[in-house]
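One line per chain: the protein sequences are D and E, in this order. With numbering that gives the first Met the number 0 as the guide, the letters of the first sequence map in order to residues 0 to 286. With numbering that gives the first Met the number 0 as the guide, the letters of the second sequence map in order to residues 0 to 408.
Calculated from the structure, these hints are not laboratory results. Worth double-checking, as some hints may not be accurate.
[What the hints assert, rightly or not] Partial chain D-side listing against chain E, Cβ under 8 Å, derived:
1. V10
2. Y11
3. Q41
In this text the structure is predicted, and so the values were computed from the model without any measurement. For each residue, glycine too, the CB sits at the ideal point set by N, CA and C.
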Amino acid sequence: METQIDQNIAVYEPNQRQKTGFFRSLLIVAGNIRKSRELIKQLFVRDFIAVYKKSFLGMGWLFISPVIGIVSWVLMNYTGVLHPGDVGIPYPAYVLLSTSIWGLFMGFYSSATGTLGSGSAFIMQVKFPHESLLVKQVAQHLATFFIGFLMNIIVLLIFGVVPSWKIVFFPVVILPLFFLGSGIGLVIGVINVVAVEIQRIMDAFFGFLIFLTPVIYATDIASPFLQKIIKWNPLTYLVGGARDIIVYGRIDNWDKFLYATLLSLVVFIFSWRLFYVSEEKVIEKMI
Amino acid sequence: MEKDTVIKVENLSKKFCRSLKRSMFYGTVDVAKNMLGVKVNTSKLRKDEFWALDDISFELKKGEALGIIGQNGSGKTTLLRLLNGIFPPDKGKISLRGRMGALIAVGAGFHPHMSGRENIYLNGTILGMSKEEIKRKYHEIVNFADVGDFIDAPVATYSSGMTVRLGFSIAIHCTPEILLADEVLAVGDLSFVLKCYRKIAEYRDKGGSIILVSHGMQLVRNTCQRVMWMEYGKVKDYGNAQEVCDRYEDYMMKKDSQETQGIGVHINNDPLIGITKVEFLNKKNEIVNRFKVGDFFKMRIRFDCKRKLKNPIFTAGLFSTENVAVFVDYSSLGSKLNIDYIYGEGAVDLCVENLYIKAGNYQCTVTLAEGELMNIMDWREKSFHFSVVSDQSSADGMLQFPSDWKLKQ
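Construct the complete structure from the given sequences, taking the supplied hints into account.
Structure follows, in structure tokens:
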């Protein structure tokens, strides 16, 4: 929104952001995030911790919620309605892990769509770099995720699945999920301010996508048609890779995992640019 | 941009859309174009769009205070949002030198469940202060807000006044080079308002520049050297604060007095009884609706009674534009007017020898009752208007007596 001519002068002009070069805009975004570390921290505290101040159990809910989720999956398994195919480890453990990673991806997506919305209380009153909101959203999501994830690991141990030591690479392996999820989410979030239908459509799409990704079933059970989709679905490799590194200590289809990672990175970089050029246009429509 | 200029606005324009659906549609089109790298022509109006700001140019020098006045919807707040960098311009250019602070965002982002202390850090950071800066000013902020022991209690438990005071205190301690203030002093009680005045004066002394948006003409006159009067998104007048404020007030008066008779609320409880007209007369018995402070003033209430109205009581009230009752009188009070009945057409006069009320616009409420004050037959609520003008500028208050100051030493 602003270009610095001399050190202290800020200039606002029409279509200023469009005129900013592609890589320059990425640098500006990165610089803004670096400069607003304190803001990100403060907003994180506000939205992550302060939310629990009113409840009796307080932050205990961060632990209770995943336990409830786990119990329901285990119960579903004992009813025996699902025929998952051979997944190599106890099915509940497989599903638990897969859905948790899928949830991680979806969380990246939905926290990114909520980027502008999470600052709606002051976005019309104060000028600040809005990209800091995304970082806060993602941090909040990761914090919630890791508490649940820890519980999941305990459950895995109960089922007799001992995670590979390569679990230490997990934070790196989920990076492409972050790139893809938050990349799509950022763009959808901006469009959603002016075209509110888009998020509903995307939510429905993602609700469906979980069945087109080997999350709650194994690849060998699917029909030939489904096989084809699974094969071209980058999430097959990204979700699968993150799961396999924990369970088996390796990633099958390394090459495809890398292609999918590259694709995610491209999506991510372009989404930042798209966010940068278009978000200021929708701020005035946030009424 | 010259060295001592802090804000330079050149031919600034901003458009908005009247229709919500269309606004969203245009937004979608613009966002799509932006994303695809197609240039968006922002300088043309599409259907239902209008210029909320139209070709605004001005400059603000270091240490200056500029007042922005105008009726609601004239574009003042939009202009502040553009200066603050929240909305991008559609035409023209804004150049700014130095940190911009906005007293619009009082308490922006406060979390009700967090304590005052936590909220100072949160809000201060949102307003662009660093952690060290907040730490350094923390006690000053708390003392200024005067919230006492409540500082460690959740903001949700604060009274609305305390919340505003805390928000204002944080905002004013940001020490920006340029301060944007939108109706700032509409907050808090008197002692806090005075504290704010002092703080603003202190800020000015240190060379800070202010843009003040206000409907309080006295505040604008006292604070600003220059004033910009906006109307329908355009600059209608710009110049010396005293002169522009005078012209604005005069304009508003004329505008109101053109709409004199027959507006307001009319309640009739007996169709046979009616107040037909109210006239204002001067000493020469001429009908006027403009008086000077201290003039003779006569209000003539014309009535028409198609039946006998026993023990009639007339009431008349003068109200300022801020809806303050300046003067209310009943004809029955102190047996000023004791009549058995009235019948047919007629009029009563209410005379005031010296109208020592402050210059401004006044609305008049008139009722006609039978026997008892509240047994009202006809009620014309704020239906008649007149204005009072003055040669000399007055300070605050409702009345303006001829006065003199003498020094005795």
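Structure-based check of all given hints:
{"no.": "1", "hint": "V10", "verdict": "5 Å, holds"}
{"no.": "2", "hint": "Y11", "verdict": "4 Å, holds"}
{"no.": "3", "hint": "Q41", "verdict": "4 Å, holds"}
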